[in-house]
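Protein sequences, first through last, are from chains A and B.
Just so we're aligned: the first sequence equals residues 1 to 160 in my numbering.
Just so we're aligned: the second sequence equals residues 1 to 706 in my numbering.
Treat each hint with caution, since some may be false.
Taking lysine to any residue pairs in the SDA-like style, the calculated list, with each CA pair at most 20 Å apart, reads [to be verified]: (1) B:Lys210 - A:Glu33; (2) B:Lys585 - A:Glu128; (3) B:Lys585 - A:Val144; (4) B:Lys585 - A:Thr123; (5) B:Lys585 - A:Glu131; (6) B:Lys210 - A:Glu77; (7) B:Lys585 - A:Gly132; (8) B:Lys210 - A:Leu85; (9) B:Lys210 - A:Gly83; (10) B:Lys540 - B:Asp517; (11) B:Lys585 - A:Ala124; (12) B:Lys585 - A:Arg125; (13) B:Lys585 - A:Val127.
Note that these hints are calculated values from the structure, not bench results.
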Amino acid sequence: MPDPVRFTLNDRPVTLDTDPSRTLLWVLRTDLELTGTKYGCGVGQCGSCTVVLDGQAVRACQTRLRDVAGKRVTTIEGLARDGTLHPLQEAFAEHGGFQCGYCTPGMIMSAYAMVQATPAPSTARIVEGLEGNLCRCGAHQRIVEAIATVTHGGVGGDHD
Amino acid sequence: MTNPTMMDRRDFVKVLGGGIVVLIRLPLESIADLRGLQQRGYPEDVNAYLHIAEDGRITLFSGKIEMGQGVMTSLTQMAAEDLGAALDAIHIVMGDTDTCPYDAGTWGSLTTRMFGPAVRAAAAQARLILTDLAAQRFGVPRSALAVENGVVFVSADRSRRVSYGELAKGQKITHTVDEKAVLRAVDQFRVMGHSPDRLDRVAKVTGAAKYAGDIRLPGMLYARLVRPPAHGARLTRVDTSAAGRMPGVMVVNQGDLVAVLSSDPERSERALGAVNAEFTPSASRLTTETIFDHLVSAAPVATVRDSAGSVEAGRAACAQSFDLTWYDGYVAHAPMEPHTALANFENGRMTVWSSTQTPFGTRAAVARALGQPPESVRVITPYVGGGFGGKSAGPQAVEAARLAKITGRPVQVAWTRAEEFFYDTFRPAAVVKVVSGIDRAGRIVLWDYHVFGAGARGSDVFYDVPNKRVRVSGEWGGAPEGYHPFAVGPWRAPGANTNRFAAEQQIDVMARAAGMDPLAFRLANTTDRRMVSVLEAVGKAAGWTAAAAPRKTGQGRGLACGIDAGTYVALVADVTVNRATGHVKVDRVICAQEMGVVVNPEGARMQMEGCVAMGLGYALAEELRFENGRMLDLNFDTYRLPRFSWMPRIETVLVANDGLAPQGGGEPAIINMGAVVANAIHDATGARMVRQPMTPERVLTAIRKT
Numbered sequence: 001m002p003d004p005v006r007f008t009l010n011d012r013p014v015t016l017d018t019d020p021s022r023t024l025l026w027v028l029r030t031d032l033e034l035t036g037t038k039y040g041c042g043v044g045q046c047g048s049c050t051v052v053l054d055g056q057a058v059r060a061c062q063t064r065l066r067d068v069a070g071k072r073v074t075t076i077e078g079l080a081r082d083g084t085l086h087p088l089q090e091a092f093a094e095h096g097g098f099q100c101g102y103c104t105p106g107m108i109m110s111a112y113a114m115v116q117a118t119p120a121p122s123t124a125r126i127v128e129g130l131e132g133n134l135c136r137c138g139a140h141q142r143i144v145e146a147i148a149t150v151t152h153g154g155v156g157g158d159h160d
Numbered sequence: 001m002t003n004p005t006m007m008d009r010r011d012f013v014k015v016l017g018g019g020i021v022v023l024i025r026l027p028l029e030s031i032a033d034l035r036g037l038q039q040r041g042y043p044e045d046v047n048a049y050l051h052i053a054e055d056g057r058i059t060l061f062s063g064k065i066e067m068g069q070g071v072m073t074s075l076t077q078m079a080a081e082d083l084g085a086a087l088d089a090i091h092i093v094m095g096d097t098d099t100c101p102y103d104a105g106t107w108g109s110l111t112t113r114m115f116g117p118a119v120r121a122a123a124a125q126a127r128l129i130l131t132d133l134a135a136q137r138f139g140v141p142r143s144a145l146a147v148e149n150g151v152v153f154v155s156a157d158r159s160r161r162v163s164y165g166e167l168a169k170g171q172k173i174t175h176t177v178d179e180k181a182v183l184r185a186v187d188q189f190r191v192m193g194h195s196p197d198r199l200d201r202v203a204k205v206t207g208a209a210k211y212a213g214d215i216r217l218p219g220m221l222y223a224r225l226v227r228p229p230a231h232g233a234r235l236t237r238v239d240t241s242a243a244g245r246m247p248g249v250m251v252v253n254q255g256d257l258v259a260v261l262s263s264d265p266e267r268s269e270r271a272l273g274a275v276n277a278e279f280t281p282s283a284s285r286l287t288t289e290t291i292f293d294h295l296v297s298a299a300p301v302a303t304v305r306d307s308a309g310s311v312e313a314g315r316a317a318c319a320q321s322f323d324l325t326w327y328d329g330y331v332a333h334a335p336m337e338p339h340t341a342l343a344n345f346e347n348g349r350m351t352v353w354s355s356t357q358t359p360f361g362t363r364a365a366v367a368r369a370l371g372q373p374p375e376s377v378r379v380i381t382p383y384v385g386g387g388f389g390g391k392s393a394g395p396q397a398v399e400a401a402r403l404a405k406i407t408g409r410p411v412q413v414a415w416t417r418a419e420e421f422f423y424d425t426f427r428p429a430a431v432v433k434v435v436s437g438i439d440r441a442g443r444i445v446l447w448d449y450h451v452f453g454a455g456a457r458g459s460d461v462f463y464d465v466p467n468k469r470v471r472v473s474g475e476w477g478g479a480p481e482g483y484h485p486f487a488v489g490p491w492r493a494p495g496a497n498t499n500r501f502a503a504e505q506q507i508d509v510m511a512r513a514a515g516m517d518p519l520a521f522r523l524a525n526t527t528d529r530r531m532v533s534v535l536e537a538v539g540k541a542a543g544w545t546a547a548a549a550p551r552k553t554g555q556g557r558g559l560a561c562g563i564d565a566g567t568y569v570a571l572v573a574d575v576t577v578n579r580a581t582g583h584v585k586v587d588r589v590i591c592a593q594e595m596g597v598v599v600n601p602e603g604a605r606m607q608m609e610g611c612v613a614m615g616l617g618y619a620l621a622e623e624l625r626f627e628n629g630r631m632l633d634l635n636f637d638t639y640r641l642p643r644f645s646w647m648p649r650i651e652t653v654l655v656a657n658d659g660l661a662p663q664g665g666g667e668p669a670i671i672n673m674g675a676v677v678a679n680a681i682h683d684a685t686g687a688r689m690v691r692q693p694m695t696p697e698r699v700l701t702a703i704r705k706t
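Using the sequences plus the hints, can you model the full thing?
Written out as structure tokens, the structure reads:
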């Protein structure tokens with residue numbers, strides 16, 4: 001049996017005694033019951049499973065468990081703190097940046113990684129940063145507005 | 001049709017216990033313009049349940065489902081309005097067949113039009129009952145009382161007040177509405193006509209919202225099923241022995257149902273890879289390119305949907321006539337959430353959590369497949385991750401239920417994206433042949449329209465044409481077996497997208513030939529006041545400047561209009577065409593919509609924007625490619641959905657018409673997306689696009705022909 005995989009998940013240490021070649025998406029969704037991260041295509045084409053790994057947006061369906069060993073993983077469940085929504089979550093809610101909501105966790109996590117790297121992205125940069133995330137309901141315009149409100153408002157990408 | 005709700009009603013009242021229950025049966029004929037639905041198998045009445053519990057909790061029960069269209073919020077708004085309660089005082093339960101009234105399905109932009117009146121009637125009736133209880137309590141007539149935020153008070157003395165909860169205490173009233181309660185008038189609206197925060201917003205931005213694939217039960221298994229490589233291929237031999245030897249893998253092999261199951265979806269996938277299955281080849285020889293000839297040659301006898309005057313008289317009156325044929329391919333729904341279900345069999349009862357637009361249809365299908373009475377099956381619909389018509393059918397629920405019964409364990413069946421592209425019920429491919437003509441004054445005098453494959457929706461002739469004939473061959477609900485090489489079905493205003501693509505370009509062709517501006521030509525040829533109002537509104541919002549001839553500058557502006565779900569819509573689009581590559585960028589879309597009373601303006605705008613964004617896909621890129629029963633597009637790498645960089649600036653205009661009950665909002669704005677982009681491409685280049693989607697390759701070919 002290989003060594004357990006240890007990593008930080010939503011600011012908490014996690015130790016998993018399982019096959020490290022398993023895909024992060026399914027480990028999150030089954031073993032850890034964190035179902036906010038969604039399956040949409042399984043081949044990294046839709047962005048529904050986006051999580052943030054050491055500050056970078058990655059596709060959980062293309063990430064092995066062993067790839068996150070010793071690293072920090074943030075999922076949609078880790079954004080709100082003590083019942084307070086992250087400014088990006090507030091903005092998505094406020095601007096109607098969702099409809100069916102299925103792509104929303106991936107959208108917000110892509111945006112979260114983007115604003116950490118670029119605290120005040122231009123609209124063009126926001127569009128570029130979300131290009132890998134599909135939304136079938138057509139909330140695109142409001143999603144861009146939501147992110148722009150947060151970042152141009154100078155709130156930055158974190159609670160503080 | 002026998003009333004399918006009787007059993008539900010008895011159970012329902014038993015389950016809820018005390019308080020006040022209002023059951024509404026609204027005869028379908030009382031809802032304007034919806035009588036035709038009965039012919040489509042809808043029951044004769046619409047039901048709504050409302051419960052005011054002894055602790056004051058108010059619950060609205062609806063067989064409708066929330067798939068992003070926002071009806072969780074707008075239905076609750078309607079209940080709050082006529083109940084006289086605050087929006088947040090009402091809890092809504094949707095799509096649960098054990099507690100909600102029967103509903104045929106969430107489709108056709110019908111929730112607001114059809115179920116809305118029942119909700120409002122139930123809420124208004126509850127308000128009457130509660131007001132009468134207060135009248136008894138205070139010893140005053142009903143007319144001396146007023147209601148505000150769930151409190152009844154004496155108008156002349158506001159200190160004499162009692163809450164709905166206090167009134168419901170100790171009551172066991174089950175009331176089926178007979179007296180017609182008065183609904184709040186538009187000018188008195190406090191909750192309707194406003195855009196409160198969506199009730200699903202926090203759940204959806206935090207990842208807490210549960211979809212069918214997110215439900216977890218102890219001991220549950222994740223199933224993968226053996227699938228044919230092509231439509232029409234039949235399983236001839238299967239060897240599951242290698243899969244069965246894998247640790248933790250369970251195999252089910254029962255005729256048409258061959259599945260591998262385990263507690264880990266990835267292990268199930270590996271086990272599926274170890275199954276050896278052989279199939280007969282498909283007999284289908286149709287392809288993406290040969291389908292159009294087939295749709296015409298194999299067409300069933302046409303139904304005449306509309307006619308006036310005579311085609312011969314029309315031909316004789318023409319100064320110029322136009323004989324054109326338009327083509328459209330198969331389009332997928334591609335909701336971000338694939339079809340998913342979890343089934344659990346316990347004590348003879350089957351419970352299925354399913355991503356479906358038809359919980360009651362799913363219950364019937366599961367019951368049939370299991371040979372159980374429908375009462376022993378419960379379908380619960382969590383949040384649905386997009387439907388667009390594609391989740392009207394729900395075979396995954398039956399698959400999960402059968403496997404759960406066989407294995408005795410909870411079983412999840414979640415289609416992969418490839419399964420989703422294979423088993424989707426596509427928007428049908430179609431051919432539209434139109435012969436039309438104008439007289440010397442630019443009046444349309446002939447409209448001879450024949451649609452093959454797409455059906456009648458959106459083929460309405462709202463232009464004033466003295467000689468017209470609309471023929472429909474192969475309406476998708478009634479197309480003969482084998483007409484389409486795989487399943488087709490409801491989509492977002494399915495055939496209307498094809499019919500408007502053909503009709504509104506045909507109109508543009510005539511406008512140009514008449515030497516008239518496209519907006520002026522349309523206004524000169526229709527006296528339909530609602531159509532005139534949206535055309536004028538979109539022209540004004542867009543800053544339309546009349547142009548009789550196409551600009552041909554590489555930048556263009558198009559116009560298109562239509563009617564869907566009782567709603568009138570007109571769009572203007574600005575495009576930039578790269579004449580070297582054929583690439584089309586839609587820069588700006590302005591959409592004017594008149595939909596009667598607007599229940600939730602922001603919600604209506606979100607639907608309009610969604611329609612524009614989704615419509616870009618079929619206009620520019622989406623077409624399911626296939627060959628001999630095989631699907632050639634099985635994921636988003638080759639089946640391309642609109643992405644952020646494709647998005648135009650979208651502006652929405654709601655044209656007021658408060659004299660008309662609320663009409664449909666989920667679909668109308670999408671129906672013209674193909675036509676409006678095509679007309680803009682013509683303005684930009686002089687090229688006419690006869691086939692959707694308008695890919696760069698096809699745009700280039702069309703430009704070269706000019």
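**Study point:** Restraint status (C-alpha distance of Lys540 (chain B) to Asp517 (chain B) at most 20 Å)
**Key:** Between Lys540 (chain B) and Asp517 (chain B) the Cα gap is close to 15 Å, so the pair holds against 20 Å.
Report task. For the pair we were handed, Lys585 (chain B) and Gly132 (chain A), check the Cα-Cα distance against 20 Å. Result -> 18 Å, holds
Has the given pair, Lys210 (chain B) with Glu33 (chain A), been kept, meaning a C-alpha gap of at most 20 Å?
Holds - the C-alpha atoms of Glu33 (chain A) and Lys210 (chain B) are around 12 Å apart, at most 20 Å.
**Asked** Given the hint that Lys585 (chain B) pairs with Ala124 (chain A), does the C-alpha gap stay at or below 20 Å?
**Response** The hint holds at about 15 Å.
Please work out if Lys585 (chain B) and Thr123 (chain A) have their alpha carbons no farther apart than 20 Å. 17 Å, holds
| message | Check the hint pairing Lys585 (chain B) with Val144 (chain A) against an upper bound of 20 Å on the C-alpha distance. | response | 18 Å, holds
| message | Does Val127 (chain A) sit within 20 Å of Lys585 (chain B), going by the straight-line distance between their CA atoms? | response | 15 Å, holds
**Report entry** Lys585 (chain B) paired with Glu131 (chain A) [C-alpha distance capped at 20 Å]
**Finding:** 15 Å, holds
For the pair we were handed, Lys210 (chain B) and Glu77 (chain A), check the Cα-Cα distance against 20 Å. 13 Å, holds
- prompt: Does Leu85 (chain A) lie within 20 Å of Lys210 (chain B) when you go C-alpha to C-alpha?
  reply: 18 Å, holds
**Asked** Straight-line Cα separation of Lys585 (chain B) and Glu128 (chain A) no greater than 20 Å?
**Response** Answer holds: Lys585 (chain B) to Glu128 (chain A) is near 16 Å, not above 20 Å.
task = For the pair we were handed, Lys585 (chain B) and Arg125 (chain A), check the Cα-Cα distance against 20 Å.
result = 18 Å, holds
Violated hints are absent here; each numbered hint is respected by the structure.
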